[in-house]
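We have chain W; now place chain B onto it with these hints.
Chains as they are written, first to last, in my numbering: chain W, 3 to 412; chain B, 3 to 412.
No lab work stands behind these hints, which were simulated from the structure alone.
Same chains, same label: a pair holds when it works inside one copy or across any pair of copies.
Mimicking DSS-like on lysine-lysine, the simulated pairs with C-alpha atoms at most 27 angstroms apart in a straight line are: (1) Lys215 x Lys104; (2) Lys14 x Lys45; (3) Lys123 x Lys45.
Letter by letter, the chains look like this.
2 protein chains.
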Amino acid sequence: MGSTERIRNVAKRVAKWARAGHQMVVVPSAMSGETNRLLGLAKELAPPKQTPDYERELDMLAATGEQASSALLAIALQSEGLQSVSYAGWQVPIRTDSAYTKARIESIDDARVRADLQAGKVVIVTGFQGADAAGNITTLGRGGSDTSAVAVAAAMKAQECLIYTDVDGVYTTDPRVVPEARRLQTVSFEEMLEMASMGSKVLQIRSVEFAGKYRVPLRVLSSFTPWDIDIDVEANSGTLITFEEDEHMEQAVVSGIAFNRDEAKISVLGVPDKPGIAYQILGAIAQANIDVDVIIQNLSKDGKTDFSFTVNRGDFTKAMDLLRSNVLPGLGAQDVVGDTKICKVSIVGIGMRSHVGIASKMFGVLSEEGINIQMISTSEIKTSVVIDEKYMELAVRALHKAFDLDRAAG
Amino acid sequence: MGSTERIRNVAKRVAKWARAGHQMVVVPSAMSGETNRLLGLAKELAPPKQTPDYERELDMLAATGEQASSALLAIALQSEGLQSVSYAGWQVPIRTDSAYTKARIESIDDARVRADLQAGKVVIVTGFQGADAAGNITTLGRGGSDTSAVAVAAAMKAQECLIYTDVDGVYTTDPRVVPEARRLQTVSFEEMLEMASMGSKVLQIRSVEFAGKYRVPLRVLSSFTPWDIDIDVEANSGTLITFEEDEHMEQAVVSGIAFNRDEAKISVLGVPDKPGIAYQILGAIAQANIDVDVIIQNLSKDGKTDFSFTVNRGDFTKAMDLLRSNVLPGLGAQDVVGDTKICKVSIVGIGMRSHVGIASKMFGVLSEEGINIQMISTSEIKTSVVIDEKYMELAVRALHKAFDLDRAAG
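Chain W on its own, in the form it takes in the complex:
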């Protein structure tokens, strides 16, 4: 939420839904810039070592942003003539573990909220936060307000959880890369997970996982549509993330093209092909808290093999240094080489499960465009390739067209 003008608009939108007879729990985010402002102050004062004691205080601090916007929204709703009450996470309570700055929700007590809904109130639940068993305030980390909303919807067994974002839905791919990209009316939970994890930043992957676990129907829609549009139009806008596969059978085999240029490739060359080498290499990487994405081990030749994987670009130098100094000497490998100028392009679609030849069609399209594939990784509902970064837009556009994504599903 931005200015008070923005809060007022949210209140008017909520009031429209309330007057149409819906019981509602609203989970607002902090006012825009507020969380960064607070964390900036903390950074100025922070101790050199980030202890759990420090992280506890960070959460005390950061939690105030959402509490303030929750109270302001309740006030704005009262101005709209509705009864409204806001609750901090600990007041609901939303119980979490004690992992400060990245806590996980353990349980939500719905009694208080349910009583208020029965009494005709619009309930505001403060997002992004909870309290652990000892009563310490915790926060859920980035995108935490979405996660809170989904968790509350699950606890309340809500009919639908509407997530108002700065985009108007989930697209077949990024419209900035492919102008013909089309908004999906529905997308399956599994597809959404693959897209979210591959750089479609519509929703944090955690909130999607949460929705999947508790089978909460999620609708992603735009907070920029005027608050006074027809409620039936709004109710069918955006993209619905469903768990009903039947609906999907009629949809395209491939639902979307995801891409990600935040990764870098590392290859360890001439590794003796014996048990334990994957662990030797990736164990050290994991211990340094570096996330690994695609992992490929080639067929061995003359008792030697090449071992490749991708990491976030930000971790590239750290990973290379670590391998050179700590891992290579004990491994008997010939060399380690890296490439930061790569990207990953994926086709995602639940229909791939029941359709053969989708992956090979993808490879054929890329081949026709003269794009060399460096790595391949597949799952049941996606096929990813790592290619030279400079071909990314070309690859995405070609695949989007080849899989008929610019035409509405029949």
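Only chain B this time, still in chain W's reference frame:
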């Protein structure tokens, strides 16, 4: 607290005390301007009618300011190498009644704080706030952080409660009016109460009352002194508000001159002198939520009397209208007249109890200066006069000199 630089300085000061072996609970105020910023946002969104529901949300909102500064101070203390933990009011818990925006503290559980102190931590308790029995967040109203500090000191049976303010102590009178005004090293609780209630804005009267009730020694000192001054100097700086009368016997009979130009005088003339008239006049005023200060009823003459009282200037017109329209007709009084150009000047001193003639000395001084006294009101430890506003500075200076307040007590 102001900027992060200011918070850092507070942390260095607290660290100095901690390293000298003191167990400490710190109650910070919000960062400067923050409470006004938050309440400004609420005002923009506020409903026309200020219901308890609205005030509940105001408290949810306003409470975030102090919670943020508490967390930031804990972080700054950790940077100083100390162990520190902050608690919101509800976490202590500080239990209050449910009077939103002006709640009263009912109890403080000291167990959690005491355990932390034992463990060597500096404990930050968030000021200005608490929670009612149902777990709603409440705030204590203006000056609430001081009240919180005193209440926590009382609960912890603290040796002393240091209140860092923007002045360096309690003065014999306002130094802007009398340049010779002198800082008092000690002042009795009762004197402080009289001074606080008469416009010496050093401390909110509620925090002084609280200190009196629980006999918490309060020291008012300046937050602008450098944090690294000698700790023994700091420990004896400012003004100590005590409950030990012995110390005081050696002090001056009169400790200070208080004054107030925020009042207005109202006189009801020619009132039939019969039982019930005071109630008829002041009952109506009280019902309109108007505070009355000085009240005078003159001797009657020919069965008629004049009845005078003072109210805040802001309530003057309301009170006059009320008397004219609702009270006068049923009272049989001749007229009601008012004067907004008055002020109240008081001499305050616990020594007055045992010294006769102090009041008459005051009247003599004013007479010598040609100042006409319009009303007189006395209590055990103060004598107040209402005079023409234009003589205020003259009266204060003359009284300050006559009672030897510009010279240190023997």
